[in-house]
Amino acid sequence: MHFGPHLLLAALEGLVTSAVLALTALGLSLVFGVMRVVNVAHGEFFMLGAVLAWAITSAIGGHPALGFLAALVIAPLIVGAIALIAERLVLRRLNYNPEATIVATIGMLYIIQQLALTFYGPEARPVEPPFSYRILLPWFGYSGYKLSIIAASALLLLATWLVLTRTKIGLVMRATQYDSETAQAFGIPVGRVYGGVFALGAMLAAIAAVLIVPISQAHYLMGQDPLLLSFIVVIIGGLGSLRGTVVAAVLIGLSDGIISVFFSPTLAKIIATLLVAMVLVFRPQGLFGTASR
Amino acid sequence: MSEVSPAKAYALHLGVIALLFVLSFVLPDYHHGLLARIMVLAVFAMGYNMLFGYVGLLSLGHAMFFAAGLYGAGLSVIHLGWNVPAAFAAGIACGALLALVIGLLALRTTGVAFMIVTMMFAQVFYLIILYFAVWTGGDQGMVVPQPARVLVLGAASFDLTNPTVRYMMALTLFSIVLLVTLAVVRSRYGRVLVAIRENEERTKMLGYDTFSNKLGAVVLSGTICAASGAAYALLFGYVGSSFASVQYSILPLLWVLLGGGATTLGPLLGTLFMYYVIDITSGYTSAYLLIVGVALILLVLFSPKGILGTIRQRWLGWLP
Amino acid sequence: MTDKNGFFDLSKSTLSRRTVLKGLAAGAGLAMAPGFVRYSQAQSSAPIKIGFQSHRTGIGAAYGRWYEKTSAAAVKAINDAGGISGRPVELVIEDDGTDPARGAEVVAKFAKQHKTDIVFGTLFSHVVIGSAPAAGENKIPYFVVSEGHHVASTKLNRYVFQPGITDVKSQIQSMAPWIAANAGKKVTQIFPDFAFGYDHRDYLPPALKAQGADVIAQIAIPPTESSFTKYFPQIPAETEVIYHVMVGPAVLTFVKELGEFYGSNRPQLFGFMDSLEATDINSPGLEFLDGSHFWEGSPRYAQADDSAAQKAYRAAVGIDDNGAAVGDPKDVSTASHMFGCWETLYVVKKAMEDAGYKGPEDRAKLVEATEALTEFAEGPEHPQGAKTFNGKIHQCFGIQNISKVEGGKLKVVHKTKIEDGLYEAEGDYTTQAL
Chain Z
1 MHFGPHLLLA
11 ALEGLVTSAV
21 LALTALGLSL
31 VFGVMRVVNV
41 AHGEFFMLGA
51 VLAWAITSAI
61 GGHPALGFLA
71 ALVIAPLIVG
81 AIALIAERLV
91 LRRLNYNPEA
101 TIVATIGMLY
111 IIQQLALTFY
121 GPEARPVEPP
131 FSYRILLPWF
141 GYSGYKLSII
151 AASALLLLAT
161 WLVLTRTKIG
171 LVMRATQYDS
181 ETAQAFGIPV
191 GRVYGGVFAL
201 GAMLAAIAAV
211 LIVPISQAHY
221 LMGQDPLLLS
231 FIVVIIGGLG
241 SLRGTVVAAV
251 LIGLSDGIIS
261 VFFSPTLAKI
271 IATLLVAMVL
281 VFRPQGLFGT
291 ASR
Chain S
1001 MSEVSPAKAY
1011 ALHLGVIALL
1021 FVLSFVLPDY
1031 HHGLLARIMV
1041 LAVFAMGYNM
1051 LFGYVGLLSL
1061 GHAMFFAAGL
1071 YGAGLSVIHL
1081 GWNVPAAFAA
1091 GIACGALLAL
1101 VIGLLALRTT
1111 GVAFMIVTMM
1121 FAQVFYLIIL
1131 YFAVWTGGDQ
1141 GMVVPQPARV
1151 LVLGAASFDL
1161 TNPTVRYMMA
1171 LTLFSIVLLV
1181 TLAVVRSRYG
1191 RVLVAIRENE
1201 ERTKMLGYDT
1211 FSNKLGAVVL
1221 SGTICAASGA
1231 AYALLFGYVG
1241 SSFASVQYSI
1251 LPLLWVLLGG
1261 GATTLGPLLG
1271 TLFMYYVIDI
1281 TSGYTSAYLL
1291 IVGVALILLV
1301 LFSPKGILGT
1311 IRQRWLGWLP
Chain R
2001 MTDKNGFFDL
2011 SKSTLSRRTV
2021 LKGLAAGAGL
2031 AMAPGFVRYS
2041 QAQSSAPIKI
2051 GFQSHRTGIG
2061 AAYGRWYEKT
2071 SAAAVKAIND
2081 AGGISGRPVE
2091 LVIEDDGTDP
2101 ARGAEVVAKF
2111 AKQHKTDIVF
2121 GTLFSHVVIG
2131 SAPAAGENKI
2141 PYFVVSEGHH
2151 VASTKLNRYV
2161 FQPGITDVKS
2171 QIQSMAPWIA
2181 ANAGKKVTQI
2191 FPDFAFGYDH
2201 RDYLPPALKA
2211 QGADVIAQIA
2221 IPPTESSFTK
2231 YFPQIPAETE
2241 VIYHVMVGPA
2251 VLTFVKELGE
2261 FYGSNRPQLF
2271 GFMDSLEATD
2281 INSPGLEFLD
2291 GSHFWEGSPR
2301 YAQADDSAAQ
2311 KAYRAAVGID
2321 DNGAAVGDPK
2331 DVSTASHMFG
2341 CWETLYVVKK
2351 AMEDAGYKGP
2361 EDRAKLVEAT
2371 EALTEFAEGP
2381 EHPQGAKTFN
2391 GKIHQCFGIQ
2401 NISKVEGGKL
2411 KVVHKTKIED
2421 GLYEAEGDYT
2431 TQAL
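Residue numbers (this note's numbering), protein chains in the order written: chain Z, 1 to 293; chain S, 1001 to 1320; chain R, 2001 to 2434.
There may be inaccurate statements among the hints.
Covered by chain R, according to a simulated footprint, are these stretches of chain Z (three or more residues, beta-carbon under 8 Å) [claimed, not checked]: (1) 13-20; (2) 45-57; (3) 114-127; (4) 172-182; (5) 210-223.
If the Cβ cut is set under 8 Å, some of the chain R residues that face chain Z in the computed set are [unchecked claim]: (6) Arg2065; (7) Asp2193; (8) Gln2211; (9) Val2215; (10) Ile2216; (11) Ala2220; (12) Ala2278; (13) Ser2283; (14) Phe2288; (15) Ile2418.
Partial pick of chain R residues on the chain S-facing surface, computed with a CB cut under 10 Å [stated by the list, open to error]: (16) Ala2132; (17) Ala2217; (18) Ile2219; (19) Glu2361; (20) Leu2422; (21) Tyr2423.
Calculated from the structure, these hints are not laboratory results. The structure displayed is predicted, hence computed values, not measured ones. The beta carbon of each residue, even a glycine, is placed where N, CA and C say it ideally should be.
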């Protein structure tokens, strides 16, 4: 294949990766930014979203779009509820101590993974896409559903941005993020905000998973890679910066796709990872963040 | 960090070492072998604790130092035919050098950025192992040939595949690192590190060069972890990329947090605890990860400073 | 978990009750009588304990479950027929988490704590290689069912055997003549960028060359990849055959994306069943595979010409005509590999009886007796087909199947000969000390 089409394909693939990554990372970034804790179980919430999507679509049957839409609504709600319970039962009692939270969320990671293995099983299971339209370009075919992921993700990101900047809920969250003690003094129920943010973060991951599962199957170990990548995106983008998170996700998604056009894939990953690490070393506050307090 | 009775602290540590020595003669075969492995990995945890516990730098990439020792020692036996002491030294040297380079770069960052930078460097290290599969064996790893695993000292030769020899080697390494750790944390240098952890700005204003102190701690930490990796390769005969994966960066953190950060004996206790929880629960159910997860959460809820940290807080204030 | 009684207790067993066919049962009666006489003087009737290193968690879990099912069925069949040397067989199962470090610990646990007679059943190559030193040091025979070339490479040690499944080097070599003759001469390989893939990368080109065909491109894909489309432009336009072998949970994606990329206008496809083990080939998105060919170790779908032994084996393990669990058509088996567990256990039985094996003190005799084996005849003990065994490299060699996807099923269209897969031995374990 010629260079131009090859690059186009790599860019398209990179954008799909970016779209899903942006949603997942945004969830992590909210938790990270507002609560100042690292949620190691974030990838497991992603996995839960995918596994639930499989369960819901196979329970509903009928036209694939029906099950998919149901999954898109129900799966994030269930995951959010689970996250809320976990937050109330564990994280709150730890006073959001950063180190204790890491250990506790590692514990959650094990628990969620094991429950998925026990009740869902070790197989990778597919979910049928809501529609299967193959776009025929002059050089190659491309999945129409994949393009729709990009659009859906953009819409969701826009919605989140509106909520954060234009609503009272968003204001409360930003106030808590900026200074939780002062926020408390002004009568903001910081505890409840934390619970809500933790659940919202998990829900965003679950939505991303439901979107991706028709093109990549549900598997009980699928949470690992999104976790690592989301971490990277969050830090590169700068803590709690929505714009930074989106830009970093696009940057990392695209670079992963495009560098692999020029180098052997493992070498591409080495180079990409090293580049990102160097960005961090020489600009530790991320591309858009302000110096951390 | 007590000022009272250094003798008490040294007596306790020598007592622990003596206990481990005696255990070698009374433990059943299986637990004897397991404890040898735990001691080697506890060294890994102690190296991690040096940085995390005392300097307060949370790294998510220490698997690379362990793996540097593992591959440095293993590959120099496999490809260069080096003998055991030379290979062990090679492993440690690899780890120290890597720690120096990583320290120079990563210490420009703090907090979460430090976590992520170390994690990414470790990921690069892991991918490099996969990329050079011709020499490293890639994801399958390689076996260090059994005949090469013999330590010749003058006229005496020790077969490292013999359980007793292996146990004693592991104990020797463990004891040296334990006593070195104790000496470091009780020294002036150790106190500077703790001061940096508590308040870096103030320490800087007091005239300490915090960067080079931290760099020293990274190198010391990386070297200890590499020693553990090198010993693992030579004592257990396998080098593989899974030891460089992110999982092996999280494990020492877990062991230290369980046992108690900034305690000299915590790493051993945490490693021991975690190993036996998995070993025992896996005998009853295949869902043992569930139990491990629940145990972790309970522990962090009810004993947030780790086992030894809690003991020190409640009862034994003098514990180092 | 040590399933001490599970396999003798039908109520706990997940197997179907009509597990053992009449023929097998009759054979059982015959085998039992002389066995009883011959070993009535045996000192002990305590069970022979086989340590089963199982991938219950981790990336290998989908295989682990089926390896357990197959092994349980084989143990039940062996016990129903009088056990080994008149002694019952007991499986002791430990999870290795598909992790090489834990694998080594598990081997030590079997040797020292459970005091099993042998260790058996490992699939994933890195776990085998990680565990092999522990087996050698504990001097406990270690029978793996991994298909990796590691055992035959003679880089492990004298206690490691692979007598139940052909290694991947031999499999690849025996595929080449058929590919060159029937699929095409210009081959592009797509394989995972790790050791399992390197076997394909290294052994296929010379094997094809010998048949007058060429590998024109080799595309390695990192094992962590979950999306593949960006690699497809590297497939040269003149490619006649795409030779694909992917493993791991993302393989379905791989095939689906290949379908989206090419549509109906595709080159010939030849794949290794490893790509789709435990996966229904009628999953949405896999329609694209129709008409393509696969290597299969043992056929997933029941074939018209199945031998009585093959039928009995399928019934005993509890898989239906589509290779899924009886009663759960969505629970697809790992048929191409798991037969190796069944056959390996029968090899162990033969070797133990040849050696007059009494207990752990006879382990060295067991190693020598296994090395003395040369061939296994097709039959109830070896339902996949006849095999030869090379005692110097501890590896067996059997026939391979090439199957075509037709109407949502896999139909065997070609069976290779054992000779197609033989190669020069790379070393000799028997010169090592015991």
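Consistency of the hints with the structure:
1. Closer than 8 Å: that is the beta-carbon criterion, and the segment 13-20 of chain Z has 4 residues meeting it against chain R, so the requirement of 3 holds.
2. Only residues whose C-beta sits within less than 8 Å of a C-beta in chain R count toward coverage, and the segment 45-57 of chain Z has 0 of them, not enough to reach three; the restraint is violated.
3. Coverage of the segment 114-127 of chain Z by chain R holds. Counting CB-CB distances below 8 Å, 7 residues qualify, and the rule asks for three or more.
4. Judged by the Cβ-Cβ criterion of 8 Å, the segment 172-182 of chain Z is not covered by chain R as claimed, because only 0 of its residues qualify and three are needed.
5. Counting residues of the segment 210-223 of chain Z whose CB lies closer than 8 Å to any CB of chain R gives 7, so the stated coverage by that chain holds, three being the minimum.
6. Restraint check, Arg2065 (chain R) versus chain Z: the minimum CB separation of about 6 Å is within 8 Å; hint holds.
7. Interface hint at Asp2193 (chain R): satisfied, since its Cβ lies 5 Å from the closest Cβ of chain Z, which is below the 8 Å cut-off.
8. Annotation: Gln2211 (chain R) was flagged as interfacial toward chain Z, and the flag is violated, the nearest CB pair being 28 Å apart, outside 8 Å.
9. Evaluation of the Val2215 (chain R) hint against chain Z yields a violated restraint, the C-beta minimum of about 16 Å exceeding 8 Å.
10. A cut of 8 Å between beta carbons decides the hint on Ile2216 (chain R): the least distance to chain Z is about 14 Å, and the hint is violated.
11. With a cut of 8 Å, the hint placing Ala2220 (chain R) at the interface with chain Z holds, because the nearest CB-to-CB distance is about 7 Å.
12. Residue-level restraint check for Ala2278 (chain R) holds (minimum Cβ-Cβ distance to chain Z is 5 Å; threshold 8 Å).
13. Below 8 Å, beta-carbon pairs count as interface contacts, and Ser2283 (chain R) has one with chain Z at about 5 Å; its hint therefore holds.
14. Annotation: interface hint on Phe2288 (chain R) violated; nearest CB of chain Z at approximately 11 Å, more than 8 Å.
15. A hinted interface residue such as Ile2418 (chain R) counts as satisfied when its beta carbon comes closer than 8 Å to some beta carbon of chain Z; here the least separation is about 33 Å, so the hint is violated.
16. Hint status for Ala2132 (chain R): holds, given a least beta-carbon distance of 6 Å to chain S, under 10 Å.
17. Among the interface hints, the one on Ala2217 (chain R) is violated; its C-beta lies about 20 Å from the nearest C-beta in chain S, farther than the 10 Å criterion.
18. Taken as an interface hint, Ile2219 (chain R) does not check out: its beta carbon lies about 16 Å from the nearest beta carbon of chain S, beyond 10 Å.
19. Violation of the interface hint for Glu2361 (chain R) is found here, the shortest Cβ-Cβ separation to chain S being roughly 15 Å, above the 10 Å cut-off.
20. Taking 10 Å as the C-beta cut-off, the interface hint given for Leu2422 (chain R) is violated, the closest approach to chain S being about 24 Å.
21. Annotation: Tyr2423 (chain R) was flagged as interfacial toward chain S, and the flag is violated, the nearest CB pair being 20 Å apart, outside 10 Å.
Checked against the numbered hints above, the structure violates hints 2, 4, 8, 9, 10, 14, 15, 17, 18, 19, 20, 21; every other hint is satisfied.
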